[in-house]
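Enquirer: Take a look at the letters that make up each chain.
2 protein chains.
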Amino acid sequence: MSVRPTVLKLGGSVITDKEKKLTPNLPAIERLTKEISRANVSPLILVHGGGSFGHPVAEQYGLKEGYKDSSQIMGFSITHQAMTKLNTLIVGALINHNIPAVEVQPSSCVITKAGRIQSMEQKPLKKMLEMGFVPVLYGDTVFDSETGFDILSGDQIVSSLAINLNARRIVVGVDVNGLYTGDPKTDSGAHLIQHVTLGELKKLENRIGGSKVTDVTGGMLGKMFELKPAVEHGIQTIIVNATETNRVYKALKGEKVVGTVIER
Amino acid sequence: MSVRPTVLKLGGSVITDKEKKLTPNLPAIERLTKEISRANVSPLILVHGGGSFGHPVAEQYGLKEGYKDSSQIMGFSITHQAMTKLNTLIVGALINHNIPAVEVQPSSCVITKAGRIQSMEQKPLKKMLEMGFVPVLYGDTVFDSETGFDILSGDQIVSSLAINLNARRIVVGVDVNGLYTGDPKTDSGAHLIQHVTLGELKKLENRIGGSKVTDVTGGMLGKMFELKPAVEHGIQTIIVNATETNRVYKALKGEKVVGTVIER
Chain X
412 MSVRPTVLKL GGSVITDKEK KLTPNLPAIE RLTKEISRAN VSPLILVHGG
462 GSFGHPVAEQ YGLKEGYKDS SQIMGFSITH QAMTKLNTLI VGALINHNIP
512 AVEVQPSSCV ITKAGRIQSM EQKPLKKMLE MGFVPVLYGD TVFDSETGFD
562 ILSGDQIVSS LAINLNARRI VVGVDVNGLY TGDPKTDSGA HLIQHVTLGE
612 LKKLENRIGG SKVTDVTGGM LGKMFELKPA VEHGIQTIIV NATETNRVYK
662 ALKGEKVVGT VIER
Chain G
412 MSVRPTVLKL GGSVITDKEK KLTPNLPAIE RLTKEISRAN VSPLILVHGG
462 GSFGHPVAEQ YGLKEGYKDS SQIMGFSITH QAMTKLNTLI VGALINHNIP
512 AVEVQPSSCV ITKAGRIQSM EQKPLKKMLE MGFVPVLYGD TVFDSETGFD
562 ILSGDQIVSS LAINLNARRI VVGVDVNGLY TGDPKTDSGA HLIQHVTLGE
612 LKKLENRIGG SKVTDVTGGM LGKMFELKPA VEHGIQTIIV NATETNRVYK
662 ALKGEKVVGT VIER
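Chains as they are written, first to last, in the numbering used here: chain X, 412 to 675; chain G, 412 to 675.
Treat the hints as calculated values from the structure; they're not laboratory data. Where a beta carbon is used, it is the ideal one built from N, C-alpha and C, also for glycine. Each statement offered as a hint is correct.
Below, a list of computed lysine-lysine pairs in the BS3-like style, where the Cα atoms sit at most 27 Å apart:
id: 1; chain 1: G; residue 1: K538; chain 2: X; residue 2: K524
id: 2; chain 1: G; residue 1: K432; chain 2: G; residue 2: K596
id: 3; chain 1: G; residue 1: K445; chain 2: X; residue 2: K496
id: 4; chain 1: X; residue 1: K613; chain 2: X; residue 2: K667
id: 5; chain 1: X; residue 1: K538; chain 2: G; residue 2: K475
id: 6; chain 1: G; residue 1: K431; chain 2: X; residue 2: K496
id: 7; chain 1: G; residue 1: K534; chain 2: X; residue 2: K534
Which bits of chain X does chain G cover? Going by a derived footprint, with three or more residues having C-beta under 8 Å, they are:
id: 8; stretch: 489 to 503
id: 9; stretch: 520 to 534
Next comes chain X alone, as it looks inside the complex:
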């Protein structure tokens, strides 16, 4: 890859209504697609979460704990089908805005081992980037060499791909402004951390609260756990509030924006 790609993550809490099962946030998808189109960053990889298409369905069938009995088999198919449905909406919106999006389906090319990516076929994805396509990956049900199957979070995909492809920047769009020194909803003294190194982050970790709604793949702490290896690799990572207009746009362009920059 001659030019280092940018990896954009759009959280499930941004592109879906996390309180309502299987409900996309179509205005947010439309706005974010326009921001991505306007930013016109290339090469670009998009990874999105499952939100209410993923977590509640996966929980219903107890997929997160791996294969236990054959009653989960149909549950896996149904959960994967839901995640694919959300992905189809995202890819469709991108194509409507003239972005040459092609999904890369994690379940078709990734094998995990006890929940961690063990192998990922990247030849088609690399060819897409080389040719100017925007590969779109997502949190997905995947097959696991140890537990049968698992839920692979978009965050783990982001970090793994960013490291493998030596990404220029990771932009993580979530439903909060970034990392806070405490929970801004309950702690009036909590303030947004604009810049943090991995060393400083370690000290802060115990004080960072989880996200609003239970997330089987982890909230903000889970996110940090997944993203840290990429930051350690030297990839600048910026967390922005993707529910606010133009934050994702500015972060993609490398402009100054409200959010948290994490650097080695």
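Since chain X is already given, all that's left is putting chain G on it; use the hints.
Expert: Frame of chain X, contents of chain G only:
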């Protein structure tokens, strides 16, 4: 794989209305899904064609000739999106009939070289078979190491997978009764070939007509060209008319059925 899998191909002319762009044949999909459910063959791999979701769209953007200029990039995304849409209908119908279907997206795991499969990641697919899932593949737009991209036919996938997984049987569901000694539409003396060896096939080849409608991946002759390597490998292949009730069911069960059996 302890038990050898059966590979079922459903032709695009069976599951779509080939004369009407982007039009599925929902009654046929529903009936065939019931036949597959009733046959209850395991392990089973399903591969379907693109029909009117694939060929006319791919032709519109000149994808079959490979990458020539950037105007085709959006065309590739749109063609792939159409093929994905058909696949979603098939997988949905299978799930509705309690078949644990999970699609394996060729564009995510295959690279071709000048139109021939160069590499195909099969770890997820093998894990699916081992666990009792029904992997569903399809004719798809794929990336090509030489020409940029290409259309990969469901028939090439069938043959490649059947050989790699040492399939027990290939069942090919098309819109004719099987191979004829001539074109039954124009030649009143043409009759159905019930059994043919590869040696006999070679002699007949010049007399086998193409299928009704132009097919960018080849008609019956193209099908034979793709399937022959699997037959050479020792895999019994049976061509049946999937537009007729119970032919696919009987072929899956290994029962006597109207069609053409091809053996080494």
